[in-house]
Every structure is written in C-alpha cells, then in structure tokens.
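Student: Letter by letter, the chains look like this.
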Amino acid sequence: AQTVTQSQPEMSVQEAETVTLSCTYDTSENNYYLFWYKQPPSRQMILVIRQEAYKQQNATENRFSVNFQKAAKSFSLKISDSQLGDTAMYFCAFMNWALVFGKGTRLSVIA
Amino acid sequence: DSGVTQTPKHLITATGQRVTLRCSPRSGDLSVYWYQQSLDQGLQFLIQYYNGEERAKGNILERFSAQQFPDLHSELNLSSLELGDSALYFCASSVAGLAGTDTQYFGPGTRLTVL
Numbered sequence: 033a034q035t036v037t038q039s040q041p042e043m044s045v046q047e048a049e050t051v052t053l054s055c056t057y058d059t060s061e062n063n064y065y066l067f068w069y070k071q072p073p074s075r076q077m078i079l080v081i082r083q084e085a086y087k088q089q090n091a092t093e094n095r096f097s098v099n100f101q102k103a104a105k106s107f108s109l110k111i112s113d114s115q116l117g118d119t120a121m122y123f124c125a126f127m128n129w130a131l132v133f134g135k136g137t138r139l140s141v142i143a
Numbered sequence: 014d015s016g017v018t019q020t021p022k023h024l025i026t027a028t029g030q031r032v033t034l035r036c037s038p039r040s041g042d043l044s045v046y047w048y049q050q051s052l053d054q055g056l057q058f059l060i061q062y063y064n065g066e067e068r069a070k071g072n073i074l075e076r077f078s079a080q081q082f083p084d085l086h087s088e089l090n091l092s093s094l095e096l097g098d099s100a101l102y103f104c105a106s107s108v109a110g111l112a113g114t115d116t117q118y119f120g121p122g123t124r125l126t127v128l
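One line per chain: the protein sequences are A and B, in this order.
Residue 56 in our numbering is what sits at position 24 of the first sequence, and the numbering runs on without skipping anything.
Residue 47 in our numbering is what sits at position 34 of the second sequence, and the numbering runs on without skipping anything.
In short, the hints are calculated from the structure, not lab data.
Derived contacts from chain B toward chain A, CB cut-off under 8 Å, selection only:
(1) Leu-56
(2) Phe-58
(3) Ala-69
(4) Leu-101
(5) Pro-121
Backbone N, C-alpha and C fix where the C-beta goes; we use that ideal spot for every residue, glycine too.
Isolated chain A (complex conformation) (with noise of 0.2 Å):
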C-alpha cells in the first residue's frame, strides 16, 4: 500500500520569504501522479501543484514549485515570496487510483 509522510507538522515563515514543505511517499509503482492541495481555514481543498512521475522536470505554477527526486520518493513543495494568505494546511498526496494524503503541514505566514 502507498503511503504518504510529511515530517513537519508546524512551520512558519516570515512574509516574503522563502519556505519548504517536505514529502516523502513509499510505493511500487512507476506511473503514477502527485499533488500538493492546500486546506486554509475556510477549510477548501484548493489544488496547488501537480507533478507526473513519469516528467524528469519539476512543475512550477508561479510562486509554487516542487522538488521532485523519484528515486529518493521525495516530492517537497517550495513557497517562495510568502505571502499572509498562504496560511494553511498543505497536503502531499500520491495518486494511482484514489488520493492517498500525507497528514498535512500547518503553515504559517507572519507579517
């Protein structure tokens, strides 16, 4: 069974700065797919990054990036120009047939 571990249950990060959420995630598999989704307290599942484990290059959507090591099965989630909104639990999750979700990293932006 795939599993999904994210190590840092609390972060914080002074506006604008640069942080980074660690993921590590175990499988057999060799195609599969993973996200970061973002939970502010709205409590909204917000899709933030996809990565395709079959693309050597990293995803980036603006200020998001990931770093994604296959063969380490790491897959960390770089927030750079933090900003207050930010705030929120971030999730890692693996995919194959559904989402298997790590236990999520609360994050923090101070002003």
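Let chain A serve as the given structure and place chain B on it in line with the hints.
Tutor: Same frame as chain A, now just chain B:
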C-alpha cells in the same frame, strides 16, 4: 470555486440516525470520489464512482453506501451513525478517473456532527 457543489454545508444529527450527503461534480466530469477528514484518521478515501458504476473502494464502513445517478450527481448515505462518524466529508470530481491520473477537484465539504 472548484465547480464541485456539496449539500448541505453542515449537518447535526444524533447517534443511530441516517443522513444523506449530496455532491454535484464539475460540468463534464464523469468520476466522483468521496473522502472523510477527521482529526484522528486524517483524510481518507472512501469510494469512487465513474459514470454511474462503482470503480474503487477505500476505507468505507459497511454502514456507509454511495451511488451515482444518471445525471452524474452522487449521494453518500451514512446510517446507524456513531459519535466517531463526526467529520468533514469531501466530494471530489475528475474528468475520467479511468487510470487514476486525473486531477481531482474538491467541493467545499459537508461537516457532519453526530451528538
């Protein structure tokens, strides 16, 4: 706004009761997924439907059931409710879900409180 709608937003009920949660997927999406988010279990996949047929099952209790109708909306039925069923229930949808590679878009969730 993801385009996925869920009703009701909040539901308060008593132990032993039965409730129905409703989800309408994004326009054009054929696949619907149900997830449960609780403090102790985190986010867990319950069940997936694709174009009216059950496609995959996760950690769904026997007291829970779901279906997807011809208009593609889905309902999650929870019966003989227990205190531990209190959670946020999310519906997500994707275009096909055939190979599990589609991006899933989440609805706003239904918060269920069992007293």
